[in-house]
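*Asks:* Chain by chain, the residues run as shown.
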Amino acid sequence: MQEDVWIETTCSVCFNDCAIRVHRVDGRVVKIEGNPDCPNSRGGICAKGASGIMLLYDPDRVNVPLKRTNPEKGIGVDPKWVEISWDEALDIITEKLKKIRADDPRKLLGGTTVILIPGPYGVHSSFGEAFGTPNFQVGGISHCGGALHIITGLMYGAWALMVDPNYVNYYLNFGCPTGFGAGYGVVSMATKMADARRRGMKHVVIEPWMGMPGINSDEWIPIRPGTDAALVLAMVNLLLNEYGIYDVERIKHYTNGPYLVGVDGHYVRDKETQKPLMWDVVDSKAKTYDDPTIQDVAIEGSYSVDDVKATPAFSLLKEHVKKYTPEMASQITTVPAETIRRLAKEFGEAARIGSTIVLEGKELPYRPVAVGYFKGPLAHKHATLIVMSLNILQEIVGATNTPGGSLGMSSRSFGYPETGQPSYSPSAGADGLLQAGYWFNPPGPWPLKREAKKPERIGAQDIIPTAHGTSLAARVILEPEKYKLAYKPEMWIRMGGNFMMSSFDPTIWEKAIKEMGAFIVSLSLFLDESTELADIVLPDACYLERLDIQADWQSSFSPVDEWTYHIHQPVVEPMFQRRPAHEVYLELAERLGILGDMYRAMNKRFNFKEPYTLDPAKKYTWEEIVDCWTKGYFGPEHGLEWFREHGLIHWPKKVEEVYWRPFVNGRTPIYFEHFLAVGEQIEKLKKEHGIPGFETADFQPLPDWKPCPSYEEKHPEYDLYGIYYRMPFQTFTSTYNNPWLDEVSRMDPYIYNIAINTGTAKKKGINNGDWVIIESSGTGHKVEGRATLSEAIHPEVVAYCSGGGHWSKNLSIASQRGKGVNPEWLMPLGWDYLDGVSLNLDTCIKVKLTRKV
Amino acid sequence: MRYGMVIDLKKCIGCYGCHIACKAENCTPPGILWSRVLFYESGHYPNVKKMHIPLLCMHCAEPPCEKVCPTGATVKRSDGIVTVDSTKCMGCMSCVVACPYRARSSYSKEKEYFLGQGLTPYEEVGYQLHHTGVVEKCDFCLSRIEKGLEPACVTACLAKARYFGDLDDPSSEVSQLIRNWGGFQMYPELGTDPSVYYLPP
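For the record, the sequence lines run as chains W and E.
Going by our numbering, 332 is the number at position 335 of the first sequence; the sequence numbering is gapless.
Position in the second sequence (first residue = 1) + 2 = our numbering.
A couple of the hints might just be wrong.
[Claimed, not checked] In silico lysine to aspartate or glutamate, EDC-like type, Cα no more than 16 Å apart, as pairs: (1) W/272 / W/670; (2) W/64 / W/532; (3) W/28 / W/69; (4) E/51 / W/100; (5) W/249 / W/215; (6) W/683 / W/487; (7) W/268 / W/239; (8) E/51 / W/239; (9) E/149 / W/459; (10) W/779 / W/692; (11) E/12 / W/192; (12) W/485 / W/100; (13) W/28 / E/195; (14) E/51 / W/788; (15) W/481 / W/507; (16) W/282 / W/261; (17) W/683 / W/532; (18) W/284 / W/267; (19) E/12 / W/288; (20) W/342 / W/239; (21) W/485 / W/448; (22) W/28 / E/191; (23) W/268 / W/303; (24) W/845 / W/670; (25) E/12 / W/714; (26) W/759 / W/793; (27) W/95 / W/487.
These are computed hints drawn from the structure, not numbers from a lab.
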């Protein structure tokens, strides 16, 4: 009798965690499809998800534990692996961990890939917390949206934002791929944005290279890289100062626009309560922002409060943007001034300020415009200021968290109707400003609970209270005296991720690793470019081989329609000697005697709910742990067994959850007053301890466009901006060994090649198909590839996909010649290339382009 | 009953999901594509358009492949699906040449996806569905239709840009879409009368 079953589970080829069902016949996986019962994805699945079969059965996978026998480490240096047993591996690791913990737990580093959020990532982080090291997220996630998370946390009470696909009419998109095969909510948003386009949504895309968004646009506007803020601020200027199109009521009631600011840039505060003040125009006096007697507030003008000149923050914004004329922006961006004027007019008029819509019997502000962005515009030095501008543009027309606008990614949840879990909401925090109800990586951005401190962490982000991730670890390792680091790391546990290929110039990490001499343990799927620097490799189980806690990671959700939580269960037992990461971490925790602490950390990190929190005095099987989490959220009838049978749970989102703005107190900042104090703190700390770098010029309350190093590079030979993009059929560097995705990539004209503007190429004597060399102005390194000429790219730009150029021969498909470039070789790691507020990496670089002869 | 498909080029985002879904459903060997995506770029900077066009067998009402088949292996069924009986095909390749949509393919030697490393467990069973030396192509996922399902490419589509149904029924979704949105066929001048229609972008 043939076994023929479909198993519901969750995809993890990227971090969107879409609901899937997998066909298993006689123990073999033969098909992966979308789960048709998921109301948001309705059975859809992307190329990456469908190709997961080839990840499971890839013969290049690591299948046994390995130990290095060649003491020399380096790029392309053979580690001379020998196979060892799991017991031997764990014995070696445990002994080292015991010593480190007794000596100084900070000497343990950890790092993961972003793809394994939430489940394995949460377990990894919990282990680090239980161990007592603050350094458990090093070497990964360097290129993520750090600056975006800070600002959307402040302005949306959410980790990120997504456009409302149901009601948006005019989508001004700075290259965000959500809805176009990548980004967040891959499948659900693709479905909904396709519907939106069919119903007539106008999609205007501004990006230097016509990527997935631009291909699916009504209008593509090319722009010089790193200049988006100039264009956006010119639009803000036009709306505020020339067209007079802005949402006065929204600004008055839901932003800190009316907060009075003194000549020093700080709020003017009530002497007694220290609360920020607003000017009541009816009573002609200053009152605290929460004074119930306020009748109408000023957002313009100038007032005197106890002999102090006080100006509403909005008025300062209005004045501040005057210098961004369309002509000035045009010079910076190469976008024609008439186009900038037209976009501002179209955007402002499409916002329909003052209009309302009735949904579920509730009358809500209707502002059917949105500004889309993610990595592209903020991949530059002044990332935080760029994100501030983009968000201020939509805030001033009131198009946030109401129908048709940009929505905080699951800012507000009332929970599953039977249990009320999970329940969280933005609210009014300190100074009456918006505080997130849920934050993926506590502490949240407001109120700012961290002060600038001398670095304790290997990434030195203690110095920057606003930064949560950092790329600096390699620098600090190489120059510890400069950064006042009091210890030297001795061990690094990595779970996935390929930091050698996804940070910056890999020779910097190579040097740092040699200098550090730390013992590296890699839980890996492949012997990739980062794993080849490990001392012990543990064969990781892939997503089809494990049970996960499907924790609250809103990325896979649709921003509208329904909440969905789906089971992540194994389709096959781990093959060969592979073991899932959570098993490894829990066993190590037990061997170290810190299992109880790990349970405590997991309770917090995964939001286990009473009475199903993990008891530190007990020991649980993994199934019991997953069952506890599930019941905590969905009640005793909906534990793991229920999910094994039903696959997923879903319920409709309420209007008050999705379009929460009118129902929540808490003002959105359009003036970032607290940045001033943070900048001052950092400067003081730097002086006190003689710490270099960490520029604070961008800690300013209002955004400016500032040039990034590429813009300023005027060397005539390095005349092109090298930028990277991503495609929906590869996930960073991790999927390049998949033969099905390789087949698609070989058919696409661009992904394995280097895109150059046809006119630019001709001037340089380059023809379509020529082999070309790109040399970095920042690192001196070169990458090579085949030129694909295109008209759909700015003449000053060369563009390449981000994940190619593999050099590990253990990736038999990925390492073949001509399969893309690894752009990180071109990227330096220096203060010029770091955003001061978020420590985001600047990833564009001026390059020299020549034909290989 | 005439099975047909509608592909909405406005909704299609060019993600290649259909390409892989078909491959996974049918275990087509390396380089063999029953469902594929054409890409083109037109215009001059900055007025440029790029497009993705999903392609598959058109299941023509007047199939040129059937006309040239010497053995009767290629047959158009009464429901419109054009199939190939691999037991009757002698591999003359006339149909491959005759098809204006390049929908047909054949391979002479079985090839692994991981060259030199043997067949994966998936390929071991999947390749049993195929034969070297004969012509194969999309069959609108006949085995799925028989179970009341839609073709794999239709089910997988992220953007829900593909529709499947009865072209002979004027009230079917596919018929309505063609009428309401100006559905068109590819190379109509060749007189093949495809069962696959596209909606303009």
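*Asks:* Now, for every hint given, state plainly whether the structure supports it.
*Replies:* Each hint, compared with the structure:
Annotation: proposed proximity of residue 272 of chain W to residue 670 of chain W holds, straight-line Cα distance about 13 Å (limit 16 Å). Distance check on the hinted pair: residue 64 of chain W and residue 532 of chain W sit about 6 Å apart at the alpha-carbon level, within 16 Å; holds. Distance check on the hinted pair: residue 28 of chain W and residue 69 of chain W sit about 43 Å apart at the alpha-carbon level, beyond 16 Å; violated. Of the supplied pair hints, the one linking residue 51 of chain E and residue 100 of chain W is violated, its CA atoms being roughly 62 Å apart against a limit of 16 Å.
In summary, the hint linking residue 249 of chain W to residue 215 of chain W is not supported, as the alpha carbons are separated by about 34 Å, beyond the 16 Å threshold. For the given pair, residue 683 of chain W sits about 27 Å from residue 487 of chain W by alpha-carbon distance, which is inconsistent with the 16 Å threshold. For the proposed pair residue 268 of chain W and residue 239 of chain W, the alpha carbon gap of about 37 Å is over 16 Å, so the pair is violated. Note on residue 51 of chain E and residue 239 of chain W: the hinted pairing is violated, with a Cα-Cα distance of about 33 Å set against a maximum of 16 Å.
For a cut-off of 16 Å, the pair hint linking residue 149 of chain E to residue 459 of chain W is broken: about 60 Å separates their Cα positions. Restraint check: the Cα-Cα separation between residue 779 of chain W and residue 692 of chain W comes to about 29 Å, which exceeds 16 Å; the hinted pair is violated. In summary, the hint linking residue 12 of chain E to residue 192 of chain W is supported, as the alpha carbons are separated by about 9 Å, within the 16 Å threshold. Simply put, residue 485 of chain W and residue 100 of chain W have alpha-carbon atoms about 12 Å apart, close enough for the 16 Å limit, and the pair holds.
About 32 Å separates the Cα atoms of residue 28 of chain W and residue 195 of chain E, which puts this hinted pair outside 16 Å; it is violated. With a C-alpha separation of about 9 Å, the suggested pairing of residue 51 of chain E with residue 788 of chain W holds against the 16 Å cut-off. Annotation: proposed proximity of residue 481 of chain W to residue 507 of chain W is violated, straight-line Cα distance about 22 Å (limit 16 Å). Restraint check: the Cα-Cα separation between residue 282 of chain W and residue 261 of chain W comes to about 21 Å, which exceeds 16 Å; the hinted pair is violated.
Straight-line distance between C-alpha atoms of residue 683 of chain W and residue 532 of chain W comes to about 36 Å, which puts the hinted pair past the 16 Å bound. Our distance criterion of 16 Å between C-alpha atoms is met by residue 284 of chain W and residue 267 of chain W, whose separation comes to about 8 Å. Of the pairs offered as hints, the one joining residue 12 of chain E and residue 288 of chain W is violated, with about 52 Å between alpha carbons and a cut-off of 16 Å exceeded. Between residue 342 of chain W and residue 239 of chain W, the direct Cα distance comes to roughly 10 Å. Compliance with the 16 Å bound is thereby established for this hinted pair.
For the proposed pair residue 485 of chain W and residue 448 of chain W, the alpha carbon gap of about 24 Å is over 16 Å, so the pair is violated. For the hint linking residue 28 of chain W to residue 191 of chain E, the alpha-carbon distance of about 38 Å lies beyond 16 Å, and the restraint is violated. A C-alpha spacing of about 10 Å is found between residue 268 of chain W and residue 303 of chain W, which places the hinted pair at or below 16 Å, so the restraint holds. At roughly 41 Å between alpha-carbon atoms, residue 845 of chain W and residue 670 of chain W are farther apart than 16 Å, so this suggested pair is violated.
With a C-alpha separation of about 41 Å, the suggested pairing of residue 12 of chain E with residue 714 of chain W is violated against the 16 Å cut-off. The hinted pair formed by residue 759 of chain W and residue 793 of chain W meets the criterion: a straight-line CA distance of about 13 Å does not exceed 16 Å. Restraint check: the Cα-Cα separation between residue 95 of chain W and residue 487 of chain W comes to about 12 Å, which is no more than 16 Å; the hinted pair holds.
The structure does not agree with the numbered hints 3, 4, 5, 6, 7, 8, 9, 10, 13, 15, 16, 17, 19, 21, 22, 24, 25 stated previously, though it agrees with the rest.
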